[in-house]
Every structure is written in C-alpha cells, then in structure tokens.
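These are the residues of each chain, in order.
2 protein chains.
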Amino acid sequence: MSQKWIYHFNSKKTEGGKDDKNLLGGKGANLAEMSSLGLAVPPGFTVSTEACLDFEKNGGSLSEEIKNEAKKALSLVEELSGKKFGDEKAPLLFSVRSGARVSMPGMMDTVLNLGLNDQSVEGLAAQSSNPRFAWDSYRRFIQMYANVVMGFNTTILESTLEDLKEARGVKEDTELTGEDFRELVQVYKQLILEESGKSFPQDPWQQLWLAIAAVFQSWNNSRAIKYRELNGYNHSWGTAVNVQSMVFGNLGDDSATGVCFTRDPSTGEKRFFGEYLVNAQGEDVVAGIRTPAPINSSSKNDSNNEMATLEELMPKAFAELTGVYKKLEAHYKDMQDIEFTIEADKLYILQTRNGKRTGAAAIQIAVDLVSEKVISKEEALLKMNPEDLNQLLHPRLDPEAKRKIIAKGLPASPGAASGCIVFSSERANHHKENGEKVILVRQETSPEDISGMVASEGILTARGGMTSHAAVVARGMGKPCVAGCNALLIDYKNQTLTINGAVYKELDTLTIDGGTGEVMEGVVSTIEANLSGEFGTFMSWADEVRTLGVRANADNPEDSAVAVNFGAEGIGLCRTEHMFFEPERILAVREMIFADTKDDRQKALDKILPFQKEDFVGIFKALAGKPVNIRLLDPPLHEFLPHTNEEMKELADYLKLELKTVEARAGMLHEFNPMLGHRGCRLAITYPEICRMQTRAIMEAAAICHQDGIKVQPEIMIPLVAIDLELTILKKEVLAEIEKVRSEKGELPEFKVGTMIELPRAAITAGAIAKDADFFSFGTNDLTQTTFGLSRDDAGKFLPDYVGKGLLPEDPFVSLDTEGVGFLVKFACDEGRKVNPNMKLGICGEHGGDPASIDFCHEIGLEYVSCSPYRIPIARLSAAQAVIRRKS
Amino acid sequence: MSQKWIYHFNSKKTEGGKDDKNLLGGKGANLAEMSSLGLAVPPGFTVSTEACLDFEKNGGSLSEEIKNEAKKALSLVEELSGKKFGDEKAPLLFSVRSGARVSMPGMMDTVLNLGLNDQSVEGLAAQSSNPRFAWDSYRRFIQMYANVVMGFNTTILESTLEDLKEARGVKEDTELTGEDFRELVQVYKQLILEESGKSFPQDPWQQLWLAIAAVFQSWNNSRAIKYRELNGYNHSWGTAVNVQSMVFGNLGDDSATGVCFTRDPSTGEKRFFGEYLVNAQGEDVVAGIRTPAPINSSSKNDSNNEMATLEELMPKAFAELTGVYKKLEAHYKDMQDIEFTIEADKLYILQTRNGKRTGAAAIQIAVDLVSEKVISKEEALLKMNPEDLNQLLHPRLDPEAKRKIIAKGLPASPGAASGCIVFSSERANHHKENGEKVILVRQETSPEDISGMVASEGILTARGGMTSHAAVVARGMGKPCVAGCNALLIDYKNQTLTINGAVYKELDTLTIDGGTGEVMEGVVSTIEANLSGEFGTFMSWADEVRTLGVRANADNPEDSAVAVNFGAEGIGLCRTEHMFFEPERILAVREMIFADTKDDRQKALDKILPFQKEDFVGIFKALAGKPVNIRLLDPPLHEFLPHTNEEMKELADYLKLELKTVEARAGMLHEFNPMLGHRGCRLAITYPEICRMQTRAIMEAAAICHQDGIKVQPEIMIPLVAIDLELTILKKEVLAEIEKVRSEKGELPEFKVGTMIELPRAAITAGAIAKDADFFSFGTNDLTQTTFGLSRDDAGKFLPDYVGKGLLPEDPFVSLDTEGVGFLVKFACDEGRKVNPNMKLGICGEHGGDPASIDFCHEIGLEYVSCSPYRIPIARLSAAQAVIRRKS
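In the order they appear, the protein sequences are chains A and B. If you're matching positions, the first sequence starts at 1 in the working numbering and goes up one per residue. If you're matching positions, the second sequence starts at 1 in the working numbering and goes up one per residue.
Only chain A is shown next, with the shape it has when bound in the complex:
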C-alpha cells in the first residue's frame, strides 16, 4: 500500500538518478541526475514504469493513489515556479513525455503545452506579452492533444489551417496573426466536437490524466511493439512518463532551442559541436523546417557558415552552456548529447544522455578520454558497446550519399554492398566471372548456395531469421546480408524480384545495408573499413585484460587469413563439408553417396582427398602454427543431393544410372527431421571410410607443412557424439589412419582428437566421453536446438513473439540461454574436467561472438570462444569486459 509511484526532479527535492533507468526510464533518470547536479532543469516529476504496469493491470486506468501523488508533486512545481496549473494569470504549462529504460525514438507519444484552456491562454498572452505566441501554442496543443489523446484524425484540422492561410493570402504559418490563431482555436474545438462527439477538455487535470494514460497506452501501440520485437526489448518493461514544466524557446529573439554534442559523434574529434534555432521550439529542430545555425565556429559547415553562432548572438547563454557541457561530460565521463532551451536569455537544460556515435567515434573518444585521464583503460573498455565495433570492420554506406530505401529486412550481417542482382549461384558465378559485382537474391539459402554466396558482394533473402543459413554463413564470410525481407516477391521462373509493385530483373542494381537491414535502389557509394591506429591501441588494451582465448570459425584459407588479421588465436571450427560444395567436388561427393559397395565409396573418396588436403595445407599455412580445430563431416548426406530435375538428370548421366534409380535413392535418404537424423558421427559409424579419408587429408596436409618447417597444430573433432562409445570407436579409426599416414609419410606433428558437445546426452555423459577426448568444443547452436526442442529453421514463426511476450529474455540462438543450455555446458565442463583435468574447453556455436554469451563462457572458465572472423574484435572486447566486470 505504501508503493511509491511518482518521483520528483526539481531544485528543491530530487529522487533517483542516472542508475534508476528501469524505474524512471532513461529520460527521467537523467532529468533527476541533472537536477541533483544543480543544473537549470525545468522542474517536474516522473510517473514511474511501475505505475505503467499498474495502469495496465487495472485495465488501462490510473489509480486514485497515483493521481493523488501526482497532484502533490504538481503543487510543489507550482510552488517553485510561482505559477499555477490552469491559472488565468500565470499559468503553469507542462510537457508530458514517454521515457522507457531504453531509447525508442519516435515510437511513443508526447503532449506539449498541457494546461492551456480558454482561460489560461489569456494568462499566457499577458505573461509573455505575446498573444500571438499564446494562441499559436493553444492551437498547437489542441491539435496535438486531439491526435494523441483523443485519437482524432487531425487531417481536417490541418486543412482548416491551409484554408485559413489561403484566405489570408499567406504561405507560411509565421505570417498568421494572433487573431488568426484565436479564430482557428474556435474552429478546431467546434470541429472536434462535431466529428468526435466529444468536446475538447477545458479542465487541466482532466487534460493531464488523459495525457498520462495516452502515453502509457502508447507503450503498446503497434509500432512500439514492432520496434521492441525487432530490437529484442521486453514488452513487460513499460514506460515512465515525465511531466515537466514548459520552457519556451519561441518567446522572441532572446529565446532559442538547440542540441549539442560534447565531442563529434561522427569522428570522435574533441570539439564542442551543435546547432540551434532562434525563437523556436525543440520540435522545430527535429522537424527540419528551418535550417539550424551553428552554436560556435567549430560547428560551421558548408550549409550554415554564413549564419550567426549562438556564441555571437547570446554570449551569456553560450558561456553558461559551455560550463554545463564540461560539467556534464566530466560527471558522466562520456561524450554527451544535450538538449537545451533558452527562454528570454535564460538557459535551461532539457535532456542529456551519452551521445550515440559511430564505431570510429566511439574508439576515438575512448582513447582520448583515457589519455585525458578522465577514465581508466578498463573503464574505456567497459563503456564500449562491443556491437559498435561492427561498423569499423565492414565497408559502410557513405553518409553523404543519396539513397532510395525500397524495403527493410533483418540486419543479418553488417556492412554495405551494391551490385547486380542474380537469382542463383550459377548466375552469380557466371556474372562474377564476367567482372560484375553481384548481389545474390534468394527465398532463403542452403548449403548448395555457398559458391554463389562466395561469388557475391552481399546476400538478400526473403525468408529466415538472424540465425538462418544465409545470416550465419554471411557473417562467417564477413559479407553483408539482409535476411527475412518479407516485402520481396521472388519469381525464380521468370527471374524477377518484385518489391511493392516495382519489378527488378537480373542485373538490375540494388544496394543493401546489412547493418540496418535496408534495401536501396541502384548503387549507393560506400566507404571502406579503416582500422586506424586508435583501433589497434584500444584492442591491445582488451588483449592485455582478457583471459579467454578467441578463435575463429573459418572453412577455407581466405577466411582463415581474414581471421588471423582480426586477431584470431586459432581456428575453433573448420567445417569440412563446406569444402564439398565446390562444383568440381560435389559430383565426387554425390558419387560417394550413391556408391553401392565400400570399394566404390572408397573410389569416390579418393577423388575428394586431394581437394581436402589442398584446403588444409592452405588453412595451416594461414594459421602459421596456431591451432586448427577441424570438424569431420557433419550434415546428413541428402544435403549434398541436387534438387532440380535437371541436376538429377545430370547426376544420373554422370553415375551412369537411370534417372528413376537416382530419384529413388535420393528419396530413401529423405528424413522427416534432418536435424535429428543420420548425420555427424553417425555417418562415420556407418561409413568409417569417410572419417578415414578426412583424417588422412588432414594429416597428409599436416605432414607437408611440418616437413616444410611450418608449425601445425591440428585438432580433429568428431561431431554429434551422444554416446561415449561413438567417440571411442571413431577415435580408434582416426588413430589407426594416422598411424598409416605416419608409416607412409614419415614424421607428423602433434595432434589432438576430441569431440563437439552439442547434444544434451553428450553433456550429461561428458564424464564418460572425456575418457577419449583431448578437448570438448561446445556446439551451442545444436545444443540449443535440442535442449529447447526447437528447430532454428522453424522457430522464426513464433520465437519473436516469445521474446516480445517476455517468455524469453533474448533469442536463445543469439544469446546463450544460461539457465538451460548454459547449465548443460557448465555441467559438461565440470564432469569432463574431473575425468581429464588437461582437457581443452571451448565453444564454437554462433554464441561465441555474442557479448553476453562470452561473459558466461568466461564465468565458467572456458579456454576460448570461437566465432565468425568479423566478430573476432567484438569477442576480444567482450572477453576483456567479462574480466573487468568481475573486478568491480
């Protein structure tokens, strides 16, 4: 019963501060913080997120308790300001704004100038000596309130305004008089009554309660829900509401409003930087109707260098602002994004927050703040959002370039790319060979599309989520990918792509931004990634701190080289089957699949051997002595079969079999649940000769390097073990083949044999499995699928809803489910170490590149994580943060 719903922020009494974002929302927390710092924040109060949840619980009504608390809080503001809510002489006006724990820009509603009515508008006119301002504010308030609170379609109000301007023979709102606005107010009120049957409320309290309710309700409007789903935010958080007394930047030429940054958010350069508008409200800056002026000379650019600076125009206010920004940056120890208003030459601070910045700026600011001794290296590391490094590692769109966005999908793999569209791997390769840059457009991709993905600059798919095949492979390749772009209608037959009615054909150009999910028409110019000196400095700090190793998932020499360049300390997962899909190999693979006898199978395997060996030599050379963990064949054999009739026919010809025989055999390989089928080590149990061939390829390659004086550390990994005996039997096969290679090829380097723990049963029986394992590598993708009983390929239909409804804090394929999957990982580590204390433990699922998951891996004492090459720096930083977090 003693629940507190309302929190003050004013010069006399302020409750809470910047660490109370969950309760007060980000905006509310910072308003409280600034008030405590003694800055000139217009006084007000915050209705907490808990009140929002209470409001929802009560079926969308504000309790009397909340209202009573709000009344008390408001009277304190009245007291401090000497004005009165709804007063006809000195009326106190309020803004009513949403503010959730995370910024959701533009998603929820705002009401300004609340408290105006037919009486108080006169007070405002008198007080400001500016009736035009007062009536303009009133008619703006009515329009905003009708729209936001009353759900009124305001088109009719806008056209009335247009009609009036036409009648007056003017073009701009600014040309209308106070009398015009007074007239407009009457018309607005009348129209609202006629159209909605409800009159515009004159009671300021009624205005307030309904406005707060409307903001709370806007937490659940469809665009806010969609936004949270896209960003993985929880629907159960709720929003706070900030009720703050109004200050006016539009009272005359001694008033202004603006935004400033304490450093350059684009480059990180240390320069005070911002824009302002004289005689304007904050909304006018956002709306972009007038071109804002630079606050100081260092903010000048081509479009504004003729304009007067704030420093020149209002030196006193500017000097105050300078004091404020220094105070705020020193206090928050970070670059600040500050909103201010100057009302009759008096400066008010409306908002501050850690400024959004580009990845490059983030690095620059961090390095500068350390050298300025504002923060320590560890603080700098901890402040950096690892995901922000992403931008630095990929080409990005030139921010100056024009773009026409035609669709939006999931930002599945960062970076930007332009190219001619193609609809198949074959065409991708064809045009690539002709020197074209291509974008591969598919419903969704499958392992068959690998060669096309390799040939492309970027990948665009209509289906699939953040962990779809396209997304995972593209991230591995460091190629931009926009996935699950529902607006695409792909017609393979006619080779067309239709987006909102516009038809694109093969070789039409598109640009995709895999960091935002945007799809653009034509070619948009890009800027290459530039790993500046500061980046290296910053990453070296991370490397000094972290204890967790960072390896890469890479399947070929090229990716391996990229990985090493990004700082990989080895390969944590080399998927040998990706090597099978190249055109000259796939036929031999298929020949192997269709072999009737062990001898025939061996013949086909003998054709594949030299290719695999060559790949391994390349990878070993790229790694130059660092360990390389190679996973033996994993997917079910049907993944290697052709799908089209034409390809089937081709295969039948090649195998000298009848088409129907080939089709029948392919049919026999069909599986109801391929994820749970005849794959991984189960294939090797059935066909040990496949495991033998791969072992031979690895060790012959190792022998070549070893004998050339190149250090090699091969680790042979048996996938999908569920039963300890699977590993026992296959390890014997592997060792026997290695002995054969040794007897033929002479001295071999040291090697390890181990297994992937990717099934619940493997984790549970890890003690028994550890007997024969030199290492465990946790395959958390499959472990998540089996632990949850959830197919990654099918979960897209309902998983977003699960995250949205708060059933899951995060997509468990993105961020490791520590409670369930993590329990098994930890259990297996403990059991494995008991039996084999020297065992190496690592993780090679997609989670190896996710900051939260990396923190967990550090916590349970893994030796390394392995992730896509392009996520290596992110993993290095996350691993450092995991250490630092545990110190404080």
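Hint data in this document are derived by calculation from the structure and do not stem from the laboratory. Note that the coordinates shown come from a computational prediction; the quantities given were computed from them, not determined experimentally. There may be inaccurate statements among the hints.
Said to hold, decoys possible - Calculated cross-link-like contacts (lysine to any residue; reagent style SDA-like; alpha-carbon spacing at most 20 Å): (1) A/LYS18 with A/LYS327; (2) A/LYS270 with A/ASN354; (3) A/LYS797 with B/THR686; (4) A/LYS346 with A/ASN130; (5) A/LYS598 with B/LYS797; (6) B/LYS493 with B/LYS598; (7) B/LYS732 with A/HIS235; (8) A/LYS771 with B/GLU819; (9) A/LYS57 with B/THR728; (10) A/LYS356 with A/ASP388; (11) B/LYS731 with A/LYS346; (12) B/LYS383 with B/HIS331; (13) B/LYS797 with A/ARG601.
Following the hints, complete the assembly by docking chain B onto the known chain A.
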C-alpha cells in the same frame, strides 16, 4: 597370462554351473550344472566365450594357449571314458556345438562324430560290432564337416548318395549297406579333393581345431548377425563351444533318443510328457523324418497312440529318466525341457533348460509351483517374463491350423488377425461398413490413417520400425500389427500388393501374426484370449507386491474401458488430437487452421467443442472416478492438413477459398524439423483460444458427470513446456476458462493442472516449472529424441546397427536410456519435489510399458507409469518384480 579358456564338465571335475551363462553359454552352463548334480552327462569341456573373443581379436586364429588347454581337457575325457581320440581300436568321438549366453536356435554351426578317420572308423566298427553304423557315421561326418568347416557346397555329395541309391535300386538311406557307405566315403573324399583342391583332414586334432574355429566363426555369419539384430542381442558377446563325447542312440534297438518336458509347455498341465525314436540320433527327431513315439501313455495323441511307449519298451531307462526329470525340476524349480539319449540301454542326459512355454502355460505352471510350495509367490512373479503375458491378452493363431507363411516383418503389436486387404482408410471404412473384416496395408501409417486403423482387424506396413506410427498406435489399440515388412511391394495406384512375385488385390485375404511378424496367405483360424482364473490369481499377487501405480494411455471411451478391464488405475495420457481426425471433425479443425482472424478461429473451435466434450464424458464414465490425464493439443498444425490434391480441392471448396490459396497456406505451415517446430504449448501461446476451447470441453464434460453423481478427476496437461513462463501463462488461461465454466455451469469437481516434461530444458529447469505444476508427466518418447538428438522416424536406418555394434545396449525408444534420459528424469523429479513436495510424478512415454524402464521408474520413486491398455498387465507384473528384485 593366467587366463583360463577351457572349463571341464565330467563326473570327476566340473567347473562352473547354471549361473555362468555369460562365460560358458547357456548349453555349457547347464551341462556343468547337470554334471555337478551327478547326472549321466557324456563328459566333455567348454571352450569359453572369452576364447571366442580372443579368437576374433587374433584375426580368427586359435591361440596355442587355448589349444594346449583343450588338449589337457581332452585327455581327461579319454581317461574317464577309456577311449582314445582318433584311436583305431576304441576311438573317442566328439560333438562340437555352439552355445551362446542366449539360445539362438539353428543360427550357428555344429559338427558331430568328430574324430573319425580312415583308421578310427574301423575301431568304431569293431567296438560297436556294427560296421554299417560306423561307415554311415563316417560318411555323415565327412559331409557335415565338408559343409560346416571346409565351406564345401555339399549338393554334389548328396546327389552322389542319390545316384548310389538308384544304382542299388533302393529308396531309403536305411536300405544301403555298410559296404555301400564305405564306398561312398571314398567317393566323398575324392570329390572333395577334386572340387576344393583340399583333402579331407585325417588328423583328428586338425579336425578339432578347425571345427572349433568354424563354430566361433559362425557367430558372425550373416544369419546369426541378423538374428541378433532382430532380437537386440549384442554382437560382442561371442559364443562358447561345447566339445562333448558322443553317445549313440542309433546303435540298435536297445538305443534311442528323445526330448521330454516335465510339464505340458502348451497348457502348463502337470504331466510328464515327451517323444522318442528308437535306434536314432537326436538330429533325426529334429529333422522330423520319422514320426516319434510317445514316452508314456500321457504323451499319446491321435497320430502316435498306436506306438509303443518308452515306458513299455525300455522300462529301466524310463524309470531312470523319471528320476532325472524330478530331480532336475526340483533343482531348477521350473519346468524343464530335457534331451536324452539311450545308448545300449544306458541313459544319458544331453541337455536341460527351462522349457519354453506359452503364456497360458507359464501362468499355470507358476500358480501350480506355488501351490506345490516349490517356489514362493514372489519367486513365481520374478520368474515370469513379463513379455510372455502378451500372448494371453490377444487372440492368437490356432496352433493346429495350417499356415502358408509368405513374408515376415517386425512383430510390432501382438495378436493375430485375418481379413481382406485394403490400401486406404477410406476403403477400410467402406468395407468395414459392409461387414467385412479388413487388414489395412500401407507403406507406413500417419495420423490420417487412424480411422482406417480403427476399422481394421490388423495393420501391415512395408516400412517403419517397432516404434513407428503404425506400431505405437496399433499397440495402443491392442490390434495386431506387422511393421517394416520389406518384402511388400505396394502399388497404391493399381491397388495391388506384391510379395515375392505373387500379386494380391483388394479384398484378397491375409492373416498376420503380430507376435511373430509372420504374414500368411488366406484365413488362419485363431483362438480368443481367455483370462483364466489362474491369470487373475497371478496378477493379484503382483498387485499385492507392487508400489508403483499403473495407468493407461487411451484416447477414447472404448480404449479406456479396455484399459480399466486390464487393471488400469487411471488414464496417464489422453491425446486429444487423436479425436480430431474423425471425418466429421477434421474439416472443422482445418477450418480453424485456415482462419484469418481470432473470431473465425473461434467459430471453427466452437464446432469442435461438442465433439471433444462428448468424448470426455465417455472417457470419464469409463474411468468411474479414476484420474484422467488429458494432454492439450500437441502436434504441429500441418499434421492435420490433407496430402492429396483431391483432398486439397475438397478443402478449398469447403473453405470457399481458391485451391492455390489453400496450397500456399499449407506450404507456409511446412516445417523442416516438425519434431522441433511450432507444436505443443507453443501453439497455445500463439492461439490461446485453442487451449481455452479444450479446457472448456474437459470441464463442461466434468461438470456433466459431476452433477450426475459420477466422480471425476480431470488432470489438464500442458505439453512441450521448455520455459517455466509458458506454463505460468497457459495455466492462467486454463484457470480463467475454468472460472468461466464454473460461473456458467455451477459446481465443478476438483482438478489438477500440470505439464509434460519432455524436453531437456524442462527437466533442467524443473524447479522453476514446478511452481505452477500440480504434476509432472515424463514424455520419454520426445525426451529421448531431444536428449539423443535422434528422430524416431529417421533412426530406423542406423539404430539397429548401433544396437548390433554394442554402441547402445537397447533401442532407447523401447527401453529407457537410464544414463542419459533417465538422468534428466531423475534430476527433474528431485528438483520438482524440492519446490513442490506434493507433486505427482508419472511417465507416459512408450517406456511406461517396458519392464526394464518400469524398474527404473520404481527405482526413482515415480508414482505411476502409463502404457498402452494391452500392456497394463505387463506393467503390473514388472512393477511387482521391481519391488521383489530389491528385496533379495
């Protein structure tokens, strides 16, 4: 180095006994046991199973160590018998027989009369004063040895024999003289040398080593391997070899050979019973060339009542045999199956074992042995193989009826049935309505075939294993099923079934025996199951002892009634979706699936509600107050969609949609891994209205019964929970709907709400889930699939190989994997009980009817198991055995 390979059995020194089957094989263990009892067992020795494994390890060669031990053992036999191996005066001959730990009748090889050569044959002739016998034995030995040991195709030897008979103008072997056989021996030896290039070995030691090696090798012949795979026996066990001195029942009219049972193996009646042949070898009885005579008057039947009994013909030997059988039955405390030979009026016992018997006989014998005070009730319960009860619960083939077996599949669901074959559910229903008994023949069945399965007497499928859909559903229905019968070629288009070239059309008759897997032509008459008084007595003993409850899996009133009749104490799993497939309901279900809006979906659900309610009323009535656990909708929605074009068209018409719209929507429901897809409680999270409708149907039905004075205990089960919040949210929906029903319908009975634990994550987070669960029911089918990462539908391709190679002790879908899946079950029990000590815990997977799994369920303290109605008595007995086993 001091490994012992050879074990004696003789009057002077016997090593081991009946409990050493793993080491000595079943036959060897019993020979030792009988020798120890002082019975007249021809002396010999057993080469152990360990020697077999050593032989395999050495690449198929007998070590000198083993040979040396065998030489010593053989010389002891020489000493005791006064004969000498290979001697030309008093030759000692041996039989060399396989003997594994379990009986594998006819699967491995045997050599008789070993030790005969050109010299010793003369000794045998002199010694027996019967040269014809000696030369006949020699030529038989050569033929057997050439075949078994030398791998010689003996057709040519057989035709030589035929030629000789023709030349002599005789028809039977018995009409040939000793001189004829002597001549035949020369021809045989010559032919073998010419055809194989190897001469028949004269050295008896060489004969012995090669014969032992051949028997060891026969462990791995293809039929033995196949047999073990079919029976789930381990390939790594190996076989023992018994080398035993020969005795001859064919030395003249004072010699004989026979088989006897201490009680009737068919009825269990207490009568000494057997058959014998004068002047014959044991093989002759088995071969069935001559009609055997009854050993005593109580063994007489229509075909042998004119023949002299052994009792009349050889009273002394018969009296001895009577003494022996009594001694053996008293010693083994069970009905014995005894092989004996009388050589020159002297009785020898060659083998005894617990006699195979029918289920009926097993019960009769157990009850009799208890009333005779030979064994206690608990011993009787423990002795009974629970699986043997199966026969008692289903109609079985009349043992006297003639049968023509045309194919063999897996014995998927016991019982026998005859009927006209049909190839679709529709035709099954059609002919059933016309009064025909039908057998449904399908490639494999799916949920769509349920109505056809209901209409059929039995089910026959070409694909699928012991846990295929057909098998599981048939067992649930108590209908005979033969599954995975590879010989079937089904042509749906032409509606024909071809088996080995013979074509069967719709309405041709077949008979299937689901207990053996046999498929027979035409109608074979059957005998109805008869649960005699002894059965009731026996089961009541089990009920007195057991502490584990036994419930049934049943989905409709009929099965529920059967279950109660078999002793079910409740329903442990009522799958509501099985109710959806009946023709008048499936359209409404599909309408629900295709609904665009919640309102449309509700309309369709309103059509299904009365059907479900009616079913529940029927089930509640059948259970008469016992608890009924009802699982809400579980399978993915696409399982309810039609598959054929025709049905799609029909559905489109019904829904008033275009065919392509229906097809497109159906396509969208497609899943890559349906097992891990949008099913179980995930459907209810997306469509809470489905969960609401089902809750309403259950509780309205409960209200009707309750208000009629019928006691009801509904338990509502939410399936496939992976996350505690899923249950929290859905429990709220369920409770809210129940409150609505209460407000409309008045007083309701008590109910429970709980969940199925069938995913690893649910087991791991059971503590959190337990907060909202009144009960846990372990769905060990799905839990096995996810814990192993193994699809039941796809595992058939490699799982038998896994069991065969010893990777798994048993098919984990048949017998619970205690190490992996069992760990999770136990873990969840412990965690669940900590949070909610009153929680009810049960199991409802197929494992609930498996004796070994039931033992585990008892061990970890579950409250009940739930299984197919027809396995209820098996579960009751197994539960009792679990208690008794822990006492001793």
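Now the hints, each set against the structure:
With a C-alpha separation of about 15 Å, the suggested pairing of A/LYS18 with A/LYS327 holds against the 20 Å cut-off. Under the criterion of a C-alpha separation no larger than 20 Å, the hint pairing A/LYS270 with A/ASN354 is consistent with the structure, at around 15 Å. Using a Cα cut-off of 20 Å, the hinted pair A/LYS797 and B/THR686 holds, with the two alpha carbons roughly 10 Å apart. For the proposed pair A/LYS346 and A/ASN130, the alpha carbon gap of about 18 Å is at most 20 Å, so the pair holds.
Between A/LYS598 and B/LYS797 the alpha-carbon distance is near 17 Å, which keeps this suggested pair within the 20 Å criterion. For a cut-off of 20 Å, the pair hint linking B/LYS493 to B/LYS598 is broken: about 40 Å separates their Cα positions. Only pairs whose Cα atoms come within 20 Å are accepted, and B/LYS732 paired with A/HIS235 is accepted, the gap being roughly 18 Å. For the hint linking A/LYS771 to B/GLU819, the alpha-carbon distance of about 16 Å falls within 20 Å, and the restraint holds.
A C-alpha spacing of about 17 Å is found between A/LYS57 and B/THR728, which places the hinted pair at or below 20 Å, so the restraint holds. Distance check on the hinted pair: A/LYS356 and A/ASP388 sit about 10 Å apart at the alpha-carbon level, within 20 Å; holds. Between B/LYS731 and A/LYS346 the alpha-carbon distance is near 58 Å, which puts this suggested pair outside the 20 Å criterion. At roughly 15 Å between alpha-carbon atoms, B/LYS383 and B/HIS331 fall within 20 Å of each other, so this suggested pair holds.
For the proposed pair B/LYS797 and A/ARG601, the alpha carbon gap of about 18 Å is at most 20 Å, so the pair holds.
Violated hints, listed in ascending order, are 6, 11; each of the other numbered hints is respected by the structure.
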